[in-house]
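Kindly generate the complete structure, drawing on both the sequences and the hints.
The listed protein sequences derive, respectively, from chains A and B.
So the first sequence is numbered by this note's numbering: it starts at 1 and just counts up by one.
So the second sequence is numbered by this note's numbering: it starts at 119 and just counts up by one.
Check each hint, because a few of them may be wrong.
Taking lysine to aspartate or glutamate and the DMTMM-like style, the derived pairs with C-alpha atoms no more than 20 Å apart in a straight line are [what the hints assert, rightly or not]:
| no. | chain 1 | residue 1 | chain 2 | residue 2 |
| --- | --- | --- | --- | --- |
| 1 | A | LYS41 | B | ASP125 |
| 2 | A | LYS41 | B | GLU175 |
| 3 | A | LYS20 | A | ASP98 |
| 4 | A | LYS41 | A | GLU111 |
| 5 | B | LYS160 | A | GLU59 |
| 6 | A | LYS41 | B | ASP196 |
| 7 | B | LYS160 | A | ASP88 |
| 8 | B | LYS120 | A | GLU59 |
| 9 | A | LYS41 | B | ASP201 |
Between beta-carbon pairs, the in silico distance windows are [claimed, not checked]:
| no. | chain 1 | residue 1 | chain 2 | residue 2 | range |
| --- | --- | --- | --- | --- | --- |
| 10 | B | SER130 | A | LYS64 | 40 to 46 Å |
| 11 | B | SER144 | A | SER73 | 35 to 41 Å |
| 12 | B | SER186 | A | LYS66 | 38 to 44 Å |
| 13 | B | PRO212 | A | GLY61 | 24 to 30 Å |
| 14 | B | SER130 | A | GLY53 | 37 to 43 Å |
| 15 | B | LYS174 | A | LYS41 | 27 to 33 Å |
| 16 | A | LYS20 | B | ASP184 | 43 to 49 Å |
| 17 | B | ALA147 | A | GLN60 | 16 to 22 Å |
| 18 | A | THR80 | B | ASP184 | 40 to 46 Å |
Quick caveat, the hints were computed from the structure, so don't treat them as lab data.
Only a predicted model underlies this, so the values are computations on that prediction, with no experimental measurement involved.
For every residue, glycine included, the Cβ atom is placed at its ideal position computed from N, Cα and C.
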Amino acid sequence: GAVVSQHPSWVICKSGTSVKIECRSLDFQATTMFWYRQFPKQSLMLMATSNEGSKATYEQGVEKDKFLINHASLTLSTLTVTSAHPEDSSFYICSARDVGNRRAGELFFGEGSRLTVL
Amino acid sequence: QKEVEQDPGPLSVPEGAIVSLNCTYSNSAFQYFMWYRQYSRKGPELLMYTYSSGNKEDGRFTAQVDKSSKYISLFIRDSQPSDSATYLCAMKLPHGGSQGNLIFGKGTKLSVKP
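This is the structure:
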């Protein structure tokens, strides 16, 4: 089946540094990928929609200058958390929809990346 | 009132029990309903999806949607320790918005004891 890979799965960084998380669709092409954030015991919250070859669409309240998204190819989207602070510590998850799959709402999720900012 | 309400649990059952997981929602326009399973520190994986009202069965899992009551359920028969995970309900409007704009419940943490 379709697989979405995220890297790194764990990252610890110092406050003020930037962290890049990659999301790859391994066996299908994805014109659109999605980035979520999940705090402990909370729902997945959509942060932004990543569109191949164009600018990402951010959800209300998400700072586009802080969470930089790049979708340079049909199989790769990256999320860069710039000048990270402890409050950015969270579980970041990406998902992608196989363009050949017409089932509504069937997204394939990555394994998630746990960010801890010291 | 939040759009999707889900009891976070935790829910603990013995092996072999029938498990009932539920979500309620407030937006009557939702048409697509999904259940995801999320193991600890992993991404969610799709278990079941249903369009509009009705039941859907897949092995030991049955999903039910009651749009009149704005209530969806996931039943797990003959539960196994490997079913221990957090179960998230999700729903989506029929038109507009991105495919990623699913509205998720908080998830119910299930533990099946051997």
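Taking the hints in turn, this is what the structure says about them:
Simply put, LYS41(A) and ASP125(B) have alpha-carbon atoms about 11 Å apart, close enough for the 20 Å limit, and the pair holds. Only pairs whose Cα atoms come within 20 Å are accepted, and LYS41(A) paired with GLU175(B) is rejected, the gap being roughly 28 Å. Simply put, LYS20(A) and ASP98(A) have alpha-carbon atoms about 24 Å apart, too far for the 20 Å limit, and the pair is violated. Between the alpha carbons of LYS41(A) and GLU111(A) the distance comes to roughly 17 Å, so the proposed pair stays at or under 20 Å and holds.
The suggested pairing of LYS160(B) with GLU59(A) is violated, with an alpha-carbon distance near 23 Å, which exceeds 20 Å. A threshold of 20 Å between alpha carbons decides the hint, and for LYS41(A) with ASP196(B) the separation of about 26 Å lies outside it, so the pair is violated. Restraint check: the Cα-Cα separation between LYS160(B) and ASP88(A) comes to about 19 Å, which is no more than 20 Å; the hinted pair holds. Only pairs whose Cα atoms come within 20 Å are accepted, and LYS120(B) paired with GLU59(A) is accepted, the gap being roughly 17 Å.
At most 20 Å may separate the alpha-carbon atoms for a hinted pair to count; LYS41(A) and ASP201(B) meet this at roughly 18 Å. For SER130(B) and LYS64(A), the hinted distance range of 40 to 46 Å is satisfied, since their beta carbons lie about 42 Å from each other. SER144(B) and SER73(A) have their C-beta atoms about 39 Å apart, which keeps the hinted 35 to 41 Å range intact. Distance hint for SER186(B) and LYS66(A): a CB-CB separation of about 43 Å, consistent with the stated range 38 to 44 Å.
A hinted range of 24 to 30 Å holds for the C-beta pair PRO212(B) and GLY61(A), which are about 25 Å apart. Judged by the Cβ atoms, the range 37 to 43 Å given for SER130(B) and GLY53(A) is violated: they are separated by roughly 48 Å. For the hinted restraint 27 to 33 Å between LYS174(B) and LYS41(A), the CB-CB distance of approximately 28 Å keeps it satisfied. Here the CB-CB span from LYS20(A) to ASP184(B) is close to 44 Å, well matched to the stated 43 to 49 Å.
The supplied range of 16 to 22 Å is met by ALA147(B) and GLN60(A), whose beta-carbon atoms lie about 19 Å from each other. As the Cβ distance of THR80(A) to ASP184(B) is approximately 43 Å, the hint placing it in 40 to 46 Å holds.
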